[in-house]
Each structure stands twice: as structure tokens, then as C-alpha cells.
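Position chain B against the provided structure of chain A, taking the given hints into account.
If you're matching them up, the sequences are chains A and B in order.
Okay, so the first sequence: first residue is 1 according to this note's numbering, each after it adds one.
Okay, so the second sequence: first residue is 1001 according to this note's numbering, each after it adds one.
These are computed hints drawn from the structure, not numbers from a lab.
Treat the hints with care, as some may be off.
[Said to hold, decoys possible] Think about it this way: if two alpha-carbon atoms lie no more than 20 Å apart in a straight line, the pair counts; the simulated EDC-like pairs of lysine to aspartate or glutamate are:
| # | chain 1 | residue 1 | chain 2 | residue 2 |
| --- | --- | --- | --- | --- |
| 1 | A | Lys220 | B | Glu1082 |
| 2 | A | Lys237 | B | Glu1017 |
| 3 | A | Lys197 | B | Glu1061 |
| 4 | A | Lys94 | A | Glu104 |
[To be verified] Rough simulated footprint, nothing fancy, chain A against chain B, three-plus residues with beta-carbon under 8 Å:
| # | segment |
| --- | --- |
| 5 | 1035-1045 |
| 6 | 1061-1073 |
| 7 | 1077-1085 |
Just so we're clear, the structure is a prediction, and the values are computed from it rather than from any experiment.
Ideal placement from N, C-alpha and C gives every residue a C-beta, glycine not left out.
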Amino acid sequence: MNFQGYRRPEGSVGIRNYTLILPTVICACETASRIAARVKGTVTLTHQHGCAQIGQDMEQTFRTLAGIGCNPNVAATLIIGLGCETIGAEKILKAIEREGKPTEMLNIQDEHGTRRTIGKGVAIANRMAKSAIKMKREQCDASELVVGLECGGSDVTSGITANPALGVASDMIIKEGGTTILSETTELIGAEHMIAKRASTPRVGNRIYEIVKRMEQKIKAMGVDFIGGQPTPGNIKGGLTTIEEKSLGCIFKAGAAQIKQVLEYGEKPSEKGLVIMDTPGHDVESITGMIAGGAQLIAFTTGQGTPVGSAVAPVIKITGNPRTYLNMRENIDVNAGTIIYGKETIEQVGKRIFNEIIKVASGKRTKAESLGYHEFAINRIGPTL
Amino acid sequence: MVLHSRDNVAIALTDIEAGTLVRVKVGDQNIELIVKQQIPFAHKFAIGNIEEGQPVYRYGEIIGRAVKPIRVGQHVHTHNLESVRGKAGQQQ
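Extracted from the complex, chain A is given alone in its bound form (with noise of 0.2 Å):
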């Protein structure tokens, strides 16, 4: 199976042609905004991080920036720095050009304040938005692609329905040589041991159980039951009792292969096939982390409907509930819920939901694109300081 993708420099595809205005740290966001709304072809993140933070917190704020930087819908960065925060603008930059992408960087402190940034800042990301727009799409293989899996606001349906036939699509993806990631660890609790058994090594699978224990102990921590929390005020309300009823509903959408490797926050996979990221239940750290990662695209299925969207990656929604989707049809790319009704089966959904990322991969756009949702949370790990 082909699709139409922009291939970059180091040789991976990108399915968006952005130019990317990267803030590194919450002091450069305002900044950042206003560059990129003076610019056709621009994108950018407001964020809250990239100062104050120390170990393993900052290595993966670190991990998170550049690596939105280096994925492959990212045509090229200019990245926007204050001049004096912790994760500086000089060492995300090296970790994107390595990548071969034109990337350039400009500091505020250096600049002499806001209007001389904006202005250079301008200047730049106009020269690289009209070099992107020179490139075209051209044919490449469905190996290339990495689709992050997502759920969120989930019922009793989603297990079910929309889970199982995302399932489907991600057998077809790894199938045609693809990469697909399974991410949410809080959602794994309970499952874990469905998941580990069919981990493609012992290491693997002693490492799904490690990343299940750490998030669990993480949770206890805090001296108080985890309900209303996960499951969230609207899964209970929708009929999902526990985090074990929703971990078992929630890993339907990686539906049967091996499990390759397992990924820290925002790490890119060195194998392709089915891959485990450890992202919070949180949707959009969630899918923030696959996006750093180098997923090119979400499936995201929603039991009770959400608009969220990304500003680098499109995101498909998928609900198995069919009154969400007559609810929310105007957020809501592929209705899963004929499923139900027994108009469906689950294989004949899988099968759409396939075609759908395919032309979503050539360029059609989801529903969040249209609506401009543009969410983005980086996971923390550690105190601000």
C-alpha cells in the first residue's frame, strides 16, 4: 500500500509540510505566537516548561521539544529561546540539525527584546515556510509510517467497538511493514499481564511490567485511591467502573502482534512494528510524547467524543458510540458505531479506519485540522524548582 508523503533530507516521510516556530522555554511562547500568526505555513506550541527543571524531568522536557523538532511532518525549526533558561535554544538546535533539516535559532535577550525578535524571527520562518512549500508530495510506502494509538474519553463501548477495530488497523499497519504505538501506561494496569505475553523478548516483557509498576508506585505515592482520577468522572459515567475494566477495554487498539520494544516519554522507536511508549492516561501528554516519538499521525478513539487535536501531527477520532456520533459528528472523522447495531463487524471498521489514516497520510484532513485544535502537553516527572 502507497500513500503521498513528503520525503525529508535524512529519509524519513512526513505526512504535513510545517514549518515549526519552537518556543524552548514558557518565556519564548508569546513570542513564538506572534511570529507564527505573521506567517502563512507556520506552526507553534505553547507550552509551560523548558526552565526550573533538573535529571530525568528536564532530559525528557529536552527529549519532548527536540524531538517535535525532528518529526518527519516538520519541513523545518526556527526555534525561539529567552537567552538564560535551562534547556537552551543552542542544544535543542544541534539535537534537531542532526536530523539534516534547516533549522535556526534566535534569542530574545540577544535580540534586545520583542520587536526586534519578532521582526528577524518573521524574516526567517517566511524564507523557510516558502522553501517547504516547494516541496511535493511523492509516493512512499506504508512502511514508512509510525501511528501513535490513542484513547480518551472512553465508555463501555470503547473496549468493545472503536478499540478493537483500531486493533485491526494496527495488525494491517505492522502487516504492510509499518509502526505502530501503544502508549498510556496508567491504562495498562490490570492488563499488563495480557500485554506481556506477547512481548517479542523476556526483556521486553520484564520491561512492560516495570513501567506498569513504576506508574502504579508513582500513583500510591499520593496516599489516596486512584478513582475519579482514572477512571475520570465521565469513563464512570459512561459505565466503566474500574482502571482494570478500562485497562482491558484500552489494549484492544493494538490489537494482536508482538510487542517490539518499549519506549521512554518521547523516544523514537529503533524497531518497527507494534512498540509500547510510557505516557501518562492524560490524552494530550499522551499523544505529545508519540508526536516527539515520530509518529506522523494519531488514531484516537472516544467513547464520549473530544475535539483535541495537534499542531504537528493530524489526528483521526474514531468513536464506537453512535450517539456520540451523531452528537459530535463535527469532531469525529470515523463512526465506529455500527458496530453495535450489528451493522458492521469490527473487521469491516478496522478496514476503514485503515483507509482513513491512508488518505489522512496523502493529505485529507481530519476534523480537529479543520477546527484548527492545536492541543500540546509535555509530561513531567519532576518538581518545578
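Same frame as chain A, now just chain B:
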């Protein structure tokens, strides 16, 4: 809808009024039961009696345990089913 022959709860595919006679398929068997309480769409009800402390099965896997006796046809949710994994201060 029952997903596995080991399951002791079923999923309502529509809103079900209290007193409705429903037929559920468990493995190769058909079970008929009266739903005792109103069950909202996509919520669970017991297809057999579940004693306090007993595991509740869905997908053939444990999703938690009954915190009070649950009778056939009753709504199964946060009032009578709790997580084994999501409790504070518990050791695995």
C-alpha cells in the same frame, strides 16, 4: 452483550427499564433474566449472583471485586464494584 463465557456481567446495548426480561448469550448458552434496576446504555448488569468480595469478570478477566452482594439483574457499577488495583495503601 456478554464478552466471555467466564463473565458474570453483561453490557446494556440500549437503556433498559427495570423489570424488562432480557436474553443474553453466554458462550453457547442463552440466559433469560429480569433486569431489576434501570440500566443506562453501555452500563453493566449482573447475569448471576455475585457474593461480597467475589471477583467481577468482564472480557474473561477480573475488573474488580464486589463490595456488597450483587443479585442477578442488578446494576453493577461504583456502588457495588471496586478496583483491586486503584486503592490507596495497597500492596500488590
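Results for each hint:
| no. | hint | result |
| --- | --- | --- |
| 1 | A:Lys220 - B:Glu1082 | 16 Å, holds |
| 2 | A:Lys237 - B:Glu1017 | 18 Å, holds |
| 3 | A:Lys197 - B:Glu1061 | 15 Å, holds |
| 4 | A:Lys94 - A:Glu104 | 10 Å, holds |
| 5 | 1035-1045 | holds (count 5) |
| 6 | 1061-1073 | holds (count 4) |
| 7 | 1077-1085 | holds (count 7) |
The structure meets every hint from the earlier list without exception.
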